[in-house]
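Asker: Whole structure, please, built from the sequences with the hints as guidance.
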Amino acid sequence: MLLQGALSGLALGGVYAIMAVSLVLMARLIRVINFAVAAVGMFGAYAAQAVVQVGGGGITALICGALIGAVISLLIGLIITTWLAEADVGARSATTVGALLLLLSLSFVLFGTAPMAFRPIVTGSAFTIGSVVISNITLTLLVSALLIAAAAKAVLTFTMIGTQLRAISDRPITAELLGLNVAALTLSVWALSGLIVTLVIMVVAPVQTSDASSLALLVIPATAAALFAQFQRLDLALIGGLGLGTMQGILAQMSGTQVLRDWLPLLLILCLLLWAQRRETWDEAR
Amino acid sequence: MKKLSLITGAAALAIAGPAYAQSDAPIVVGSINALSGPVVYDDASKAAKAVFDAFNENGGHNGRMIEYLIMDDRTDPATSSSSARDAVDNQGAVAMVGSMSFLDCAVNGAYYIDKGIVAIPGLGADTFCYTNANIAPPNMGPYLASELTMQIATEELGLDKICAVVGVGGGAEAAYREGFAKWTERTGADFEWIEFIPYSAPDFTPYVIRAKEAGCETIYFNGPDELALSMMNAASAQDAAFSYLLFVPAYTEAFANASPSGHNGVYIVSEFAPYTDPTAEATADWYTLMQEKGVPITAFSQGGYLSATYFIEMLGRIDGEITRESVTQAFKTQTDPIENPMVGAPYVFGDAEMHSPNRAGWLVKMAPGSSQWESVGENWSVLADEG
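Going line by line, the protein sequences match chains A and B.
Going by the numbering used here, 405 is the number at position 266 of the first sequence; the sequence numbering is gapless.
Going by the numbering used here, 407 is the number at position 180 of the second sequence; the sequence numbering is gapless.
Treat each hint with caution, since some may be false.
Short, incomplete list of chain A residues facing chain B, as computed with Cβ under 8 angstroms [stated by the list, open to error]:
1) S147
2) A233
3) T252
4) A253
5) P254
6) S270
7) P345
8) T348
9) S349
10) Q392
11) D401
Stretch by stretch, here's where chain A covers chain B in the computed footprint (C-beta under 8 angstroms, at least three residues) [unchecked claim]:
12) 437-449
13) 481-490
These are calculated hints, taken from the structure and not from any lab test.
A virtual CB, placed ideally from N, CA and C, is assigned to each residue, including glycine.
Answerer: Take a look at the structure:
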């Protein structure tokens, strides 16, 4: 039953992991905790569904949705880069909370408040482990999570762009003085994050609660996973996301653990924050 | 003292004014609806308005027109309360008809008793709509409907090995449990497992796998149509084919078209006569009127239509002036039931402490592989009597 539960949570774990990797990357490279990461994806996915409803084809809708996600993310990035370039992480991150709320309201206005009936993009099963079928959705998300984390690591470590991005994050002014196009590099991270997360949400939305709030609040478990990685390590973000998803999957197999299942990400956030403070003396921590 | 009595007199006139006005003044009827906010259900009041408009076009009640108030409560308790007070106190409503709100019964139930006004909601959405001496909806509501669904599943469909995922909010869990307990007591059947989840629970895959693992052949799920689709998609992705017992909101053409084909049959107990067949005799009058007035063809508009039709029928039974008192008196002393082919049980209000006049449903199904609703059988299924 444990294995079965764990496998059943892998799809959602993959979603958490991809978002957590995105959160860690943005925290490291552009000094922001992007609380709107899932809301951007939700909005893009809803926009794609709207394209389907007005008669657009599946591929057209997919591309439109992903582009809309990328553009919205880019706009949030543009606001932060333009007006909050020198601001601290707190202020920059608070802007994304504003964006999260704005996107939720905008989605209510444009697409209504009812959950959206999404057409599945990925269907069918891939293979079976024991009695559990690993669906193509799970496989897609799992492989994507691994690839995205590995690609991000490789780009940061081995490529010129990676070096430049790290330079921007460590010494933004020096990097700019050296002639790096800081704005372009930063904005491309924003756009890419919006694009990827929108695609991920479009894959997972058809099999889960698909109202705007539930989708936008996927950022909570993703933040828990990113916190587990201390907003630093991509591998831990991956493990954290997958771990949280499998834990929730296991809890759903047992009666009476529903509350724990839903509160798990918040409990985890609380514990991790307390753990991070463990060496602080009371006075300094304040 | 004189000034005070003048004010009281003026206030009394102002309050009494609309309700006791001359016989050619309109008969004011109110309704409280979720027209904006987190959920929007406006079909019931639209349907009731269509009925009243048609009634007015035919001359109204002895020349008196019905003025129908459609008020929004935004699913907000304070707004719900102030809207009801506005309708009753300020505008002099003689009855509340065709409402579709998740709060009206809970928030305004005691106020309606206090004011001596009856409410015939388009649809009752919670237990408060069925435990109030002054409220009687035409539908049977989620708890009786789920009890009847299980009764039909066991006794008529012979379904076995049923797992239940029940989305709940507020105090709904106790009411569902009570209904299911009665079903178990009567039939000896029970769920393989039952899980109560908040509607915001993220992912259906674990429940689908759990159902498969427990050997369940049927899944009961009471969520709205979009979430029922997510559940079916999750099962489909797991190569798992179940039968499904779903809830009335999923009984739509849109749901049928969007649902994945890998299932062993989807069953819904409709609280009103099945409407997906436009040629059906039972729904013909309603269907024609809704088409004519541009109201959506849904179970909600059936409810609104029925409540307005019942109200008009009762108006015709009142001798003398139409006032709040005479309307309430007529409903409270009603013994002669109102028949309508769209429901399986005649409508009686009467003087009981609580009402649930409708205890019958009609089974509709989507056959395996099909994406069309069809009516099952030729008869209403009636909820077995308690005890």
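Asker: Could you run down the list of hints and mark each one as holding or not?
Answerer: Hints versus structure:
For the restraint placing S147 (chain A) at the interface with chain B, the shortest Cβ-Cβ distance is roughly 4 angstroms, inside the 8 angstroms limit, so the hint holds. Interface hint at A233 (chain A): violated, since its Cβ lies 25 angstroms from the closest Cβ of chain B, which is beyond the 8 angstroms cut-off. Contact between T252 (chain A) and chain B, as hinted, is supported at the beta carbon level, the nearest pair being about 5 angstroms apart and thus within 8 angstroms. For A253 (chain A), the shortest C-beta to C-beta distance to chain B is roughly 7 angstroms, which falls under 8 angstroms, so the interface hint holds.
Because the closest C-beta pair between P254 (chain A) and chain B is about 4 angstroms apart, less than 8 angstroms, the hint holds. Using the Cβ-Cβ criterion of 8 angstroms, the hint placing S270 (chain A) at the interface with chain B is satisfied: the shortest such distance is roughly 6 angstroms. Hint on P345 (chain A) holds. Least Cβ distance to chain B is approximately 5 angstroms, under the 8 angstroms limit. Given the 8 angstroms rule on beta carbons, the hint for T348 (chain A) holds: about 6 angstroms separates it from the nearest Cβ of chain B.
Against a cut-off of 8 angstroms between C-beta atoms, the interface hint on S349 (chain A) holds, since the closest Cβ of chain B lies about 6 angstroms away. The interface hint given for Q392 (chain A) holds, since its Cβ lies 5 angstroms from the closest Cβ of chain B, which is under the 8 angstroms cut-off. Proximity of D401 (chain A) to chain B holds as hinted, the smallest CB-CB distance being about 7 angstroms (cut-off 8 angstroms). Restraint check on the segment 437-449 of chain B versus chain A: 3 residues with Cβ-Cβ distances below 8 angstroms, three needed, restraint holds.
With 4 residues having a Cβ less than 8 angstroms from any Cβ of chain A, the segment 481-490 of chain B passes the three-residue criterion, so the hint holds.
Checked against the numbered hints given earlier, the structure breaks only hint 2 and satisfies all the rest.
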